[in-house]
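Novice: Heads up: the sequence lines are chains A and B, in that order. Quick note: the first sequence, position 97, residue 97 per the working numbering, numbers continuous. Quick note: the second sequence, position 1, residue 1 per the working numbering, numbers continuous.
Not one of these hints is a red herring.
Label-pair distances were calculated between CB atoms; the ranges are: (1) SER18/B / THR5/A: 32 to 38 Å; (2) ALA71/A / LEU118/B: 47 to 53 Å; (3) GLY3/B / THR113/A: 24 to 30 Å; (4) SER28/A / GLU72/B: 32 to 38 Å; (5) LYS55/A / MET41/B: 26 to 32 Å; (6) LYS57/B / GLN69/A: 31 to 37 Å; (7) LYS14/B / ALA72/A: 48 to 54 Å.
Only pairs whose alpha carbons sit at most 20 Å apart, straight line, appear in this in silico DMTMM-like list of lysine to aspartate or glutamate: (8) LYS78/A / GLU17/A; (9) LYS44/B / GLU108/A; (10) LYS96/A / GLU59/B; (11) LYS9/B / GLU79/B; (12) LYS44/B / ASP56/B; (13) LYS44/B / GLU59/B; (14) LYS96/A / ASP56/B; (15) LYS70/A / GLU29/A; (16) LYS73/A / GLU108/A; (17) LYS44/B / ASP26/A; (18) LYS70/A / ASP26/A.
Calculated directly from the structure, the hints in this document are not laboratory data. We put the CB at the ideal spot given by N, CA and C, even for glycine.
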Amino acid sequence: AQTVTQSQPEMSVQEAETVTLSCTYDTSENNYYLFWYKQPPSRQMILVIRQEAYKQQNATENRFSVNFQKAAKSFSLKISDSQLGDTAMYFCAFMKLRTSGSRLTFGEGTQLTVNP
Amino acid sequence: NAGVTQTPKFRILKIGQSMTLQCTQDMNHNYMYWYRQDPGMGLKLIYYSVGAGITDKGEVPNGYNVSRSTTEDFPLRLELAAPSQTSVYFCASSYSMDPGLADTDTQYFGPGTRLTVL
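Kindly generate the complete structure, drawing on both the sequences and the hints.
Specialist: In C-alpha cells form, the structure reads like this:
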C-alpha cells in the first residue's frame, strides 16, 4: 500500500515571500501521478498542481512549482510571492495509474498561513 | 458546467437514522469517488465507481453503501448512522480513458457535506 507523509503540520510565511511545503511518499510503483490540493476555509478541495512520474521536468503553474525527486520519493511544493489568499490547508496526494480505480492516497496536510 | 455538486451541505442525524448523500457531475466523467475527511486529517476513500453499474470498496467502506445507475449520479447511503460517521464527505470525479489527455485522471471535488451524528 502507498503512504504519503507531510512532516510539517503548520507553516507560516510573510506576504510576498517564498515558502516550500514538504511531501514524501512510499511506493513500489514506477508509473504514478502526484498532486497538491489546496483546501481553504471554505473546505473546497482545489487542484494546485500535478506531476506525472514519467516526466523528468518539474511541473509549474504560475506561482506554484514542484521539486520532484523520484529516487528520493520526494515531492515538495514551492509557492513564490505568497499571497493572503494562499492561506489554506495543503494536501499532497499519490495516485497509482488506472488500477484500483485510480484512487488518491492523501497525506495529513500542512496548514499554511500567509501573514500580512 | 456546474462541475461536481453535492447535497445537502449540512446535516445532523440521530444515532440509528439513515440518509443518502447526493452527488452529481456534469463533466461526463467515467470515474466517481466518495471520501471522508475527519477533523485535522487527510481524505480517506470510502467507495469508488469506474462506470455505471460498477462500484468497489475503498479504505473505509463499513457502514456505507453506494450505487451508480447513471454516469452522472453517485449517491452514498448511510445505514444506521453512528457517531463515528461524523465527518465531512466529499464526492469527486475524473476522466480515465485517454492517457494522452493532459487532464486524464485528475480528480475534481464537490464542495462537501458536513455530517454530524448525535
